[in-house]
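Listed below are the residues making up each chain.
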Amino acid sequence: MISTQKTETVSIVLDGDEVEVPVGMNLVDAAALFQKEIPHYCYHPQLSVAGNCRMCLIEMGTPMRDRGTGEAILNEDGSPKIGWVPKPVIGCATTVSPGMHVKTISDKVKDCREGIMEFLLVNHPLDCPICDQAGECRLQEFATDYGRGYSRYTERKNVKPKRTRLGPRVTLDDERCILCSRCIRFTQEVAKDDVLGFVDRGSYSTLTCFPGKELENNYSLNTVDICPVGALTSTDFRFKMRVWFLKESPSICTESSAGCNILVSSREGEIYRITPRRNDDVNDSWMTDSGRSLFKKVRAEDRLAVPSIKQEKSSFDQSIQTAAESLKDKKVAIVGSCHATLEELYLLNRLSKATKSKKYLRGHFGQDDGILLSADRTPNLRGALASGFANTYPRDNLSKLNSDLKKGVIDAVLVLNEDLLSSGVEAESLLGISIVYLGTHANDTTNLAEVIIPTLTSFEKKGTFINRSFFAQGFEQSIPGLPGLLPDVHILSKLLDELDNENKVTSDFSLIWKNLSSPPKSPFKGMSFSDSLGGSLKIDETKWKDLPFVESNALHYKK
Amino acid sequence: MAKTVVLDRKPLSFSERTYLPQIANGLKTTFSNMFKPKVTLQYPEEKPKIPQNYRGVPTLVKDPNGREKCVSCQLCEFVCPPKAIRITPGGVPEGEDDREHVEKAPEEFEINMLRCIYCGYCQEVCPEEAIFLQDEYSSSGYSREEMINNKAKLYELGGTLPDQHYKWDKKKKAEGQGNSH
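Those sequence lines, one after another, are chains A and B.
Positions 1 to 559 (this note's numbering) are the ones given, in order, by the first sequence.
Positions 560 to 740 (this note's numbering) are the ones given, in order, by the second sequence.
Only chain A is shown next, with the shape it has when bound in the complex (with noise of 0.2 angstroms):
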């Protein structure tokens, strides 16, 4: 793997221009910081350099030495003379070093990328029009940037299965496989759970499970993303929609508090697939295959779309008003959630200080895989601690509410996005209580509510989430919410200002950030959202590093 963090510089000549790139980069990397592109297909830079493709043939030359006294040779002029390598050398597995040159376009190198194209097309099937990959296919492009525009192949192409299942979430076409194997390094290096392998010679290869096991780890997905033809697809996401319709719009993964960064791909509001984004410095370009499943439940049957007084429908202005009097100068606990957006739960907090409440807060908590599934199963469990929400850390039930129910300190609930009752709390301490619910999806405890108002999923809202490493990570709103529903911030403002008659604090988001980052001690000094969206956002964990946060080492993450 290569780091572009390294501050140190070597000076290269990049086809004829002098230009600074760091120490230890590849000729691939280095040309695309000057926007030159070298075409390559089994290069990734995030896993070992293979060097199989051949996509990325270049010429290099490096200065001549003498070899008996090793002083520089110079040309007739006082230049260093240039000993080019007589072959071809390919970008990837090519470190950059003092005075040398590249050509990335030249005859010679026109011509190989040529030829390359030709021998991967030999086999390549003409399945454009079925295959899921086109339009976000590197052998497309490529073939239309750097081949040679027609075929001299007369002979009968080889025949292969067309689709085998590799894994429950997997499909295989053979055909289309180009050999790159970015997929066994993938589970080699990354998902560590060494299935995939190459069988036969020749244009007979053919990548394959070892008998016996199957591509079922929860990383499986990331090969499909990173497979640069369309070989290797997702069951899910096969032959449902062509990828140019996608609209692609960068969010956060709220599966746990890992804050995988994520496209969502949704064409007229409806969601189609989730994938990795790029962030070095939370999940590289990888994401679990669960995580990937969640979008499933903005069009699950079970949400909540209208408004319901005592479960009959209502408005959201009728609702939001017999909430606030259900509530109003009584003796309120709020439940808050770690599924919750940091502007949330400032509100939240607002609320519970208008109310003078308890507050209440569940943790989620499963296994820890030590790579982007963590322990903590909320996106937002620090955004808690630092929205002021939270002061300890959550434990994963509320037995504590259930036995000041049971005490009689309470008479009325709020709660947001989280089933009381399957958190420890007993059906029968919530008799005679009033519960005013703000969530996305029925449970248990909307049955018993007397308020629900429905809220947004994390993909039709905007937010900030903060993630197990402490980075703050804004995120936008993905798709159009369902028809006639309010983001829970407004919600929140609404009930705000129906409780508390000196209140300043509205929905807008500028507003929030003012609010959260002028306390002294505040951890968020100086930030905006603008910032957290701008990409992980950094803030000031040294109140927090003595609660027992359950997460284990993981990628990008030490304990």
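Calculated from the structure, these hints are not laboratory results.
Be aware that one or more of the hints could be misleading.
Claimed, not checked - DSSO-like, lysine-lysine: derived pairs with alpha carbons at most 30 angstroms apart:
1) A:Lys-157 x B:Lys-621
2) A:Lys-162 x B:Lys-595
3) B:Lys-726 x A:Lys-240
4) A:Lys-543 x A:Lys-359
5) A:Lys-213 x B:Lys-663
6) B:Lys-731 x A:Lys-162
7) A:Lys-157 x B:Lys-729
8) B:Lys-712 x A:Lys-240
9) A:Lys-240 x B:Lys-606
10) B:Lys-562 x A:Lys-240
11) B:Lys-663 x A:Lys-162
12) B:Lys-729 x A:Lys-240
Once you've looked at the hints, dock chain B against the given chain A.
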């Protein structure tokens, strides 16, 4: 304001006042047409002959083996300027021997004839030669829904056209005798 000039009308001559020459002239035209060949078509019972390159209603066609040609690549949907085409792509289930190897076929294919502008881009872009603007030009309906041609209607309108390539038959043949290992 423009000044209005009143012109005197020329008085009619005696023959003009009788109208007889004019009637005779008119009847001459009428009677001469009775002996000329007919040019009027009794539409809709009689239909005109449509030239080969006419761009009528877009239709989906099958190949001479009765196999549906469209593989739902959605290029026509992409290229359609008024966005009249809407395709729901789908896979061909395994086990259908004659078309299993095609893998992909439209689950639903809709062309909204209220939007269609008969430009023929869909026919031009189709990589499988599955969509053709043929000689059907009159489409009418009592509601907007009726004007959306679904897959069944499109195949009914399209029928079967001769195929130059039999691309998928060749593919199937290659599977049988090709360089499989």
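Hint check:
Of the supplied pair hints, the one linking Lys-157 (chain A) and Lys-621 (chain B) holds, its CA atoms being roughly 26 angstroms apart against a limit of 30 angstroms. At most 30 angstroms may separate the alpha-carbon atoms for a hinted pair to count; Lys-162 (chain A) and Lys-595 (chain B) exceed this at roughly 67 angstroms. The suggested pairing of Lys-726 (chain B) with Lys-240 (chain A) holds, with an alpha-carbon distance near 23 angstroms, which does not exceed 30 angstroms. Proximity of Lys-543 (chain A) to Lys-359 (chain A) is assessed by CA-CA distance (about 20 angstroms); at most 30 angstroms being required, the pair is judged to hold.
Restraint check: the Cα-Cα separation between Lys-213 (chain A) and Lys-663 (chain B) comes to about 28 angstroms, which is no more than 30 angstroms; the hinted pair holds. Distance restraint check for Lys-731 (chain B) and Lys-162 (chain A): the Cα-Cα separation of roughly 12 angstroms lies within the 30 angstroms cut-off, and the hinted pair is therefore satisfied. Distance restraint check for Lys-157 (chain A) and Lys-729 (chain B): the Cα-Cα separation of roughly 11 angstroms lies within the 30 angstroms cut-off, and the hinted pair is therefore satisfied. Proximity of Lys-712 (chain B) to Lys-240 (chain A) is assessed by CA-CA distance (about 23 angstroms); at most 30 angstroms being required, the pair is judged to hold.
About 42 angstroms separates the Cα atoms of Lys-240 (chain A) and Lys-606 (chain B), which puts this hinted pair outside 30 angstroms; it is violated. Under the criterion of a C-alpha separation no larger than 30 angstroms, the hint pairing Lys-562 (chain B) with Lys-240 (chain A) is inconsistent with the structure, at around 75 angstroms. Of the supplied pair hints, the one linking Lys-663 (chain B) and Lys-162 (chain A) holds, its CA atoms being roughly 12 angstroms apart against a limit of 30 angstroms. With a C-alpha separation of about 26 angstroms, the suggested pair Lys-729 (chain B) and Lys-240 (chain A) falls inside the 30 angstroms cut-off, and the hint holds.
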